[in-house]
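> Spelled out, the chains give:
4 protein chains.
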Amino acid sequence: MRRERGTRLTIACADRPGIVADVAGFLRDRGANIVHSDQHSTDPVGGRFFMRMEVMLPIEPAERAGFDQQFDERVARPAGMRWRISYPDDRPRIAILVSREDHCLFDLLWRRRREELDAEIVLVVSNHAHHGHDVTAFDVPFHHVPVDPGEKRRAEGELLQLLRGQVDLVVLARYMQILSGEFLEQLAVPVINIHHSFLPSFPGRGPYARAKKRGVKLIGATAHYVVEELDAGPIIEQDVLRVTHRDDIEHLEQLGRDIERAVLARAVRWHCEDRVLIDGNTTVVF
Amino acid sequence: MRRERGTRLTIACADRPGIVADVAGFLRDRGANIVHSDQHSTDPVGGRFFMRMEVMLPIEPAERAGFDQQFDERVARPAGMRWRISYPDDRPRIAILVSREDHCLFDLLWRRRREELDAEIVLVVSNHAHHGHDVTAFDVPFHHVPVDPGEKRRAEGELLQLLRGQVDLVVLARYMQILSGEFLEQLAVPVINIHHSFLPSFPGRGPYARAKKRGVKLIGATAHYVVEELDAGPIIEQDVLRVTHRDDIEHLEQLGRDIERAVLARAVRWHCEDRVLIDGNTTVVF
Amino acid sequence: MRRERGTRLTIACADRPGIVADVAGFLRDRGANIVHSDQHSTDPVGGRFFMRMEVMLPIEPAERAGFDQQFDERVARPAGMRWRISYPDDRPRIAILVSREDHCLFDLLWRRRREELDAEIVLVVSNHAHHGHDVTAFDVPFHHVPVDPGEKRRAEGELLQLLRGQVDLVVLARYMQILSGEFLEQLAVPVINIHHSFLPSFPGRGPYARAKKRGVKLIGATAHYVVEELDAGPIIEQDVLRVTHRDDIEHLEQLGRDIERAVLARAVRWHCEDRVLIDGNTTVVF
Amino acid sequence: MRRERGTRLTIACADRPGIVADVAGFLRDRGANIVHSDQHSTDPVGGRFFMRMEVMLPIEPAERAGFDQQFDERVARPAGMRWRISYPDDRPRIAILVSREDHCLFDLLWRRRREELDAEIVLVVSNHAHHGHDVTAFDVPFHHVPVDPGEKRRAEGELLQLLRGQVDLVVLARYMQILSGEFLEQLAVPVINIHHSFLPSFPGRGPYARAKKRGVKLIGATAHYVVEELDAGPIIEQDVLRVTHRDDIEHLEQLGRDIERAVLARAVRWHCEDRVLIDGNTTVVF
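Chains W, V, C and P supply the protein sequences, listed in that same order.
Residue numbers for the first sequence follow the numbering used here, beginning at -12 and rising by one.
Residue numbers for the second sequence follow the numbering used here, beginning at -12 and rising by one.
Residue numbers for the third sequence follow the numbering used here, beginning at -12 and rising by one.
Residue numbers for the fourth sequence follow the numbering used here, beginning at -12 and rising by one.
Note that these hints are calculated values from the structure, not bench results.
One thing to keep in mind: the hints can contain errors.
All copies of an identical chain are treated as equivalent in the list; a pair is satisfied when it fits inside any one copy or across any two copies.
Said to hold, decoys possible - Here are the computed lysine to aspartate or glutamate pairs in the EDC-like style, where the Cα-Cα straight-line distance is at most 20 Å:
hint	residue 1	residue 2
1	LYS200	ASP266
2	LYS200	GLU215
3	LYS200	GLU216
4	LYS200	GLU88
5	LYS199	ASP226
6	LYS200	GLU50
7	LYS199	ASP59
8	LYS139	GLU237
Bound-form chain W, shown alone (with noise of 0.2 Å):
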């Protein structure tokens, strides 16, 4: 978590002993020092095994794809590992959809100003236009992409044609349109969501007002990879807060936005750090 990042490495395979060893020899043999280490394996007998390494590799940019040829050719296929190298300047591009509410946008745009946030925000794209003006001072485009009635397979393609190879993340910032699964296929990179309750508690439209009506203590937000099944994708982070009989719907929306920003937030930087390695349909994140 210092800011003079190194190389980070992660892998997922079937777990088997030896991993780390064949890992942290092919790594000691050109000289790199191991930082930092998580791994977690689901099951020692037949589980998955799952590690993120940060480490110090005094190799020069002409080597790494090299580097990255002998890790895979050395160490990776043979045990069948997916992996990926992230190194020191790697900065994953962002896009950021979004509708009406702004908090969730605005706070990741402040946060990657205030470079808390190692990734480019290249975009922002909304089915409103009145964003527009506000996004652009922090020196960042913005396109409008209506989605009227009727048009949202159209819709659809113009923002395939705005992020297809432009971007490695898309985060839906209170982005208030279903996607298709044509749409997530195409796409070919993550979509990060933030939903505004704790799921799978009030999954779908309207959490707060039904949060009120069951009476709960505490409400919450939740950011997950979006699959095609509406709020079901693997969940990245979750928190919640406080609330009493005296907080009515519109407080307790009001106090929501703060807990939603905090956890897409979390999220997404989390993702651009790499600490976020999918099993199945659950996260570990390291």
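Given chain W, work out where chains V, C and P should sit, using these hints.
Chains V, C and P in isolation, oriented as in the chain W frame:
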């Protein structure tokens, strides 16, 4: 919240101007000093009004019946109030029902022994025999009422024999039998249950296993009044605990025990201190 | 906590029987409906009494001065009350003082813009020039008042010119200059500061570095009213965040910014909603 | 954190490249599978390195001494490591010292009975006689060692007789006697204390009264290793609880008991699971 407690007055009625003035005037005219007061109106126009007062009331025990009658006639009845007065030496009598898991049971017994709970625990009943020795060490009577398959009706009859008219509150401290609507009706005192999830997430059986499967990042517990529909009654208190991918189901259960006993203890204490007023399917907790 | 706010009444006085009856009777006789009420007595015998009421008061703006006068004569003066009435359209005028760190400043400006804060931010003053552009984008005037070594007296004079009589509250949103006792006296309005530690731990400079050195497992922030003695005034709100050995000082500062802005925002909002009453060197927060 | 625990290895040494590779290679060559691993470097250049591994190690008990010796010779000594290996059936022997307040004592005894604690509680010692009956009901020996004024030296001698060589950990579960430096030195095992405040706030006596006086909005507890200087040792765990103006000192103490026992239980459990490594006056908690 001080030990030398005062007299407590709780009221619920349709909201209209002048209620506080009427109540406070009645009390002032009898020399009472209001130490704490909380009130809540769900809506100043056409809403419900709830109030809890703690007062220092300089009357003798022999005068209480007269005081109650005057309050009813002059203040409560004209305004259509539900009301309740609890004098400094009134202590609710509690029965605890429990199955195999004993962490909530012994937490309540210890709190009672440390005088954290302003109530008497007069009875523990279990569908298993094996807590008998430990319970009687607290000088609390223990009854074993087995619930064999097909014998639920007979078991509920036996429970009613033990409980009806003997207690002011029944606490289900991880009692894993579902109580019938008829039983609840004949029992005719409030029943508080601890559910081992953050309701409305994971109602019913096996909430920790389902939480693990869904990959939630917080687990919780919910204390609620029991109604005939399972896990649907008014919520009194909830709390949560952060968990990670490293916690297997067994460990979730272990962590959960701490949050369950804390949440149940708060709910029972607040109920015994007349802090919990029911508003339809929700609660006002002062 | 609803948006269509009522009229607020706060009082503080020596406790004695009948205060609530007197206040509630006065209000009832003028057709007022009490929507919320909180009260607290530090000790029913010889203690201090605090009350906050929110009422629906059916009088015209022109009648307010008369209402205030009657309340003062008939209720407040006989009981020796400090009191304050805030009508539905009364909005406190706030000045924000800030140094280099801008996270609290912009959090407050955004909250004001989203109408989460029932107040006007009429002025931002900084001892650094560089926030000017971003502040004026919120249509709030910005003043640069440098504080050069040996020039503190002159700078405080300049601040007094800007603030005296113009504002009802001054917020130190990470303003790193110590204000003199004379300045506070002449300013004559409350000043709220955010300190970046969980006071009384780590008062003074460099709290995150000292927290790291001591190895605490939680870091926090404290919002308090400013008195002449540094970091010693009545505490309004505090909160904490879990940290680990992995967080270096720079990362503690980054995490701390989230907790600082949340704590300061709550303190300012509660102050503006007349929820905070001072009791010696502590506060009652309703 | 699973019940069928593996073998645990902890190491601490000066950081340098290749440590993980050396350890993991040594383990792989002996057929071990690493189930969990955590590591931390205070600084990749010139810092300290800490690691905790849990491994499935297919060796017989008779082979352990040889394994330890080989690890020491081939891996640990060349790198100047402090290290410790704990085999699956190694269970630390704990003595609990307690004064009048018994909530932490009985919480630990209950957790042990529910097998939440991977340790044996072999002895309870108190400077008061009255917990004897309740402790022996848990089949744990109880000793009364009074500490009369002027007799502290004699009492410490008696304690040393009971503890030295008999236990691996001493837990001060609200033991209100200060232990001398000589005693700690001769005891020669770690001592964990629970302090009833959020250190470094309110060290020494009467922390709740001082918290009330200062008007803090959160109270806390701190579990730390004991060093000669009072309340100054390395902190293992801390937590806090929200309080208000309504809580008097007696109620703060009551609320505090919940947080004290929770914090102490976590610290003891983590210590027994070899999760706590000492780094100067701070801890690394894996």
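> Evaluate LYS139 and GLU237 at a C-alpha cut-off of 20 Å and name the case that applies: within, between, both or neither.
neither (30 Å within a copy, 45 Å between copies)
> Measure nothing new, just compare the shortest in-copy and cross-copy C-alpha distances for LYS200 and GLU216 to 20 Å and report within, between, both or neither.
between (25 Å within a copy, 16 Å between copies)
> Could you figure out if LYS200 and GLU88 sit no more than 20 Å apart (CA to CA) within one copy, between two copies, both or neither?
Classified as neither: same-chain Cα gap 23 Å, cross-chain 32 Å, threshold 20 Å.
> Could you figure out if LYS199 and ASP226 sit no more than 20 Å apart (CA to CA) within one copy, between two copies, both or neither?
both (18 Å within a copy, 16 Å between copies)
> Can you give me the call for LYS200 and GLU215, within, between, both or neither, at a CA distance of at most 20 Å?
between (28 Å within a copy, 19 Å between copies)
> Have a look at LYS200 and GLU50 and pick one of within, between, both or neither, based on CA distance no larger than 20 Å.
neither (60 Å within a copy, 39 Å between copies)
> Can you give me the call for LYS200 and ASP266, within, between, both or neither, at a CA distance of at most 20 Å?
Answer is between; shortest inter-copy Cα gap is 11 Å, intra-copy 34 Å.
> For LYS199 and ASP59, with the copy left unspecified, which applies at a CA distance of at most 20 Å: within, between, both, or neither?
neither (52 Å within a copy, 32 Å between copies)
In this structure, the hints that do not hold are numbers 4, 6, 7 and 8, in rising order.
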